Amino acid sequence: MSRIASTFAHLSGLNRKALIPFFTVGDPLLESAVPTMQALVSGGADILELGIPFSDPMADGPTIQRASERALQNGVTLTDVLAVVTEFRQTDGMTPVVLMGYANPIERLGLDAFALQTRAAGVDGVLVVDYPPLEARHLKAALTLVGIDTIFLLSPTTTEQRMREIAQLATGYLYYVSLRGVTGAGHLEVEAVATQVARIRSYAKVPVGVGFGIRDGATARRLSEVADAVVVGSRLVEEIEASTPTEVPRRAEALMRQFRLAMDGAQ
Amino acid sequence: MNVYDLPDQEGYFGPYGGTFVSETLMAAIEELKTQYERYRQDPEFLAELAHELHHYVGRPSPIYHAKRLSEHLGGAQIYLKREDLNHTGAHKVNNTIGQAMLARRMGKPRVIAETGAGQHGVATATVAARYGMECVVYMGAEDVRRQAQNVYRMKLLGAQVVPVESGSKTLKDALNEAMRDWVTHIDDTFYIIGTVAGPHPYPTMVRDFNAVVGRECLTQMPELVGRQPDVILACVGGGSNAMGIFYPYILQESVRLIGVEAGGDGLSSGRHAASLSAGVPGVLHGNRTYLLQDAHGQIIETHSISAGLDYPGVGPEHAWLKDNGRASYVAITDEEALQAFHTLCRLEGILPALESSHAVAQAMKMAPALGRDQIILVNLSGRGDKDMATVAERSGLHL
Chain A
1 MSRIASTFAH
11 LSGLNRKALI
21 PFFTVGDPLL
31 ESAVPTMQAL
41 VSGGADILEL
51 GIPFSDPMAD
61 GPTIQRASER
71 ALQNGVTLTD
81 VLAVVTEFRQ
91 TDGMTPVVLM
101 GYANPIERLG
111 LDAFALQTRA
121 AGVDGVLVVD
131 YPPLEARHLK
141 AALTLVGIDT
151 IFLLSPTTTE
161 QRMREIAQLA
171 TGYLYYVSLR
181 GVTGAGHLEV
191 EAVATQVARI
201 RSYAKVPVGV
211 GFGIRDGATA
221 RRLSEVADAV
231 VVGSRLVEEI
241 EASTPTEVPR
251 RAEALMRQFR
261 LAMDGAQ
Chain B
1001 MNVYDLPDQE
1011 GYFGPYGGTF
1021 VSETLMAAIE
1031 ELKTQYERYR
1041 QDPEFLAELA
1051 HELHHYVGRP
1061 SPIYHAKRLS
1071 EHLGGAQIYL
1081 KREDLNHTGA
1091 HKVNNTIGQA
1101 MLARRMGKPR
1111 VIAETGAGQH
1121 GVATATVAAR
1131 YGMECVVYMG
1141 AEDVRRQAQN
1151 VYRMKLLGAQ
1161 VVPVESGSKT
1171 LKDALNEAMR
1181 DWVTHIDDTF
1191 YIIGTVAGPH
1201 PYPTMVRDFN
1211 AVVGRECLTQ
1221 MPELVGRQPD
1231 VILACVGGGS
1241 NAMGIFYPYI
1251 LQESVRLIGV
1261 EAGGDGLSSG
1271 RHAASLSAGV
1281 PGVLHGNRTY
1291 LLQDAHGQII
1301 ETHSISAGLD
1311 YPGVGPEHAW
1321 LKDNGRASYV
1331 AITDEEALQA
1341 FHTLCRLEGI
1351 LPALESSHAV
1361 AQAMKMAPAL
1371 GRDQIILVNL
1381 SGRGDKDMAT
1391 VAERSGLHL
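Chains as they are written, first to last, in the numbering used here: chain A, 1 to 267; chain B, 1001 to 1399.
These aren't lab readings, by the way, just hints derived from the structure by calculation. All of these numbers come straight from a predicted model, not from anything done at the bench. Think of the CB as a built atom: it goes at the ideal place given N, C-alpha and C, for glycine as much as any other residue. Misleading hints may appear alongside valid ones.
So the derived list for chain B, only partly shown, Cβ under 7 Å to chain A, looks like this [said to hold, decoys possible]: (1) V1021; (2) S1022; (3) E1023; (4) M1026; (5) A1027; (6) N1176; (7) M1179; (8) T1184; (9) G1282; (10) V1283; (11) H1296; (12) G1297; (13) Q1298; (14) I1299.
With these hints in hand, go ahead and build the complete structure from the sequences.
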């Protein structure tokens, strides 16, 4: 069983939902990435999503775009991101790590090389924002060969038929984008999300996570009643942005703990 | 080549094109694809488009024999396809009218656009006013500064102009921001992309709406000189005016098609925007194509004296025409384009856009080596009134 599958199985046994934080590697510094990952796990994160910086993050809002720009100013590359995972694996062999990014840096490295290197680093899943399923065919084949999950997005505008098709393809977990817009926007309608997630779960063979616009424990708590996982991205990136580099791990851990306690209170 | 029917079902021109967008945009793109397939062959739609192009834009645009320029160069005869004479002063309006008509039929009351030099923004604001639609134009903050006149023009036409402060603050960042707006307002908004790039079906749709340029040339050249030209030249940023004139000529294999990219300070300087001449394939803004990028796949900042060519990618069909050899692509520097700008002003009384001046410069380079019986047709894609401040600044003047 993959790390992602066994994590969800384990949580299900405990009647808990997965908490999945996201931040961009290299923000604020490359050196802060591993301590931040460790701190997030201490704070109660179950799976870590790491952003690969990209110059043109079309699907992201200003918060994550700024994080990407800071990482690029620090000269952080995809190779650096993989090295961060390798280093993290020296102290943590359990927590699944998912890379999230855009197609171009991955294609520049080459799909096969990327698959082999992610495997060697200890990555468990990959989500390429601008690869809808049709365009993800080659990457998915390369990742499947080395036992890495390909994570797909579903959105409020995804048609019923696509939803069914994507649910069939999905490995690891499905990521439901909980609002119409970019990351970090703030008009999430919890009830509508709950209805959609229930529908997705009826097709899906894998767990369903919800992300985009989850800014507080109360929302996370409500969503964890209907979904298998809650993703917290822009809110964490804002916390990182407001911290000095040395404060980052401590404040990231404190924020995770807030979400963790709120979510577990719901069970 | 007997048949040319690209793109394929998935929007590919060979290995280029495709639909590289987040799932959040897929429903809107599917809807657009379906509706465009329907209306592109709808007689009533096509009749209205033809009527608008004739009565509102002023088509067909003439072809003009630049005799004094040809004599001055002492070789091939240079003809200019006068897209600069269109309403709004460039070829861009051919496409914005088509897309706005489609938006109306799809029940979208709000249109958005990205713009570099401001020409596509002006063309979009113009048709939005013409059809009574809400219009928001995204423009890099740097371009807002460089193209103040066009910004005011868009505002006069009732559009809201949003300066984009992220990234390099130019065209590519405006495109990112327009995509973000689209994803947020998907129900009531139609995104009018200004060039033959973006996710399928945009490269095809923008090409088709601009192909009126090449179709007119196909009938005008025989009427004018008894035959088709030997060479067709057009500038290429994203590549919409070039695709518009090239496309109807793809099967006319005796006609050489040459796209002219922005060479900036020269290809060896690294300061240019020549993605086909100096880039490598990758994925940006919804399609796979040649991109100016670094070794790690990050898009690099481009430079051109002409804001309309200042873009790190290029339409996927150009990438395919380059690879299969049907078209070739060269680069012209800022300096060469400026010289061509002044030469055309002085010898023909025509003030070309700095974008189009790149194509004129290539004609000036090629003509002397060709015989007097050879014919070069240049797509003069826009007029240069908008560029007077830039040109004056280069000459040390302030208007």
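Taking the hints in turn, this is what the structure says about them:
1. A distance limit of 7 Å between C-beta atoms decides the matter here; for V1021/B the minimum to chain A is near 6 Å, and the interface restraint holds.
2. At about 4 Å, the closest approach between the beta carbon of S1022/B and any beta carbon in chain A falls short of 7 Å, and the interface hint on this residue holds.
3. The closest approach between the C-beta of E1023/B and any C-beta of chain A is roughly 4 Å, which is under the 7 Å cut-off, so the hint is satisfied.
4. At about 6 Å, the closest approach between the beta carbon of M1026/B and any beta carbon in chain A falls short of 7 Å, and the interface hint on this residue holds.
5. Nearest Cβ of chain A to the Cβ of A1027/B: about 4 Å, under the 7 Å cut. The hint holds.
6. Annotation: N1176/B was flagged as interfacial toward chain A, and the flag holds, the nearest CB pair being 5 Å apart, inside 7 Å.
7. Taken as an interface hint, M1179/B checks out: its beta carbon lies about 5 Å from the nearest beta carbon of chain A, inside 7 Å.
8. A least Cβ separation of about 4 Å between T1184/B and chain A falls short of the 7 Å threshold, and the interface hint therefore holds.
9. A hinted interface residue such as G1282/B counts as satisfied when its beta carbon comes closer than 7 Å to some beta carbon of chain A; here the least separation is about 5 Å, so the hint holds.
10. Taking 7 Å as the C-beta contact cut-off toward chain A, the hint placing V1283/B at the interface holds, the least distance being around 4 Å.
11. Interface hint status for H1296/B: upheld, as the beta-carbon distance to the closest one in chain A is roughly 4 Å, under 7 Å.
12. Given hint, G1297/B at the interface with chain A, holds; its Cβ is 3 Å from that chain's nearest Cβ, closer than 7 Å.
13. For Q1298/B, the shortest C-beta to C-beta distance to chain A is roughly 4 Å, which falls under 7 Å, so the interface hint holds.
14. Below 7 Å, beta-carbon pairs count as interface contacts, and I1299/B has one with chain A at about 4 Å; its hint therefore holds.
Hint compliance for this structure: no hint is broken.
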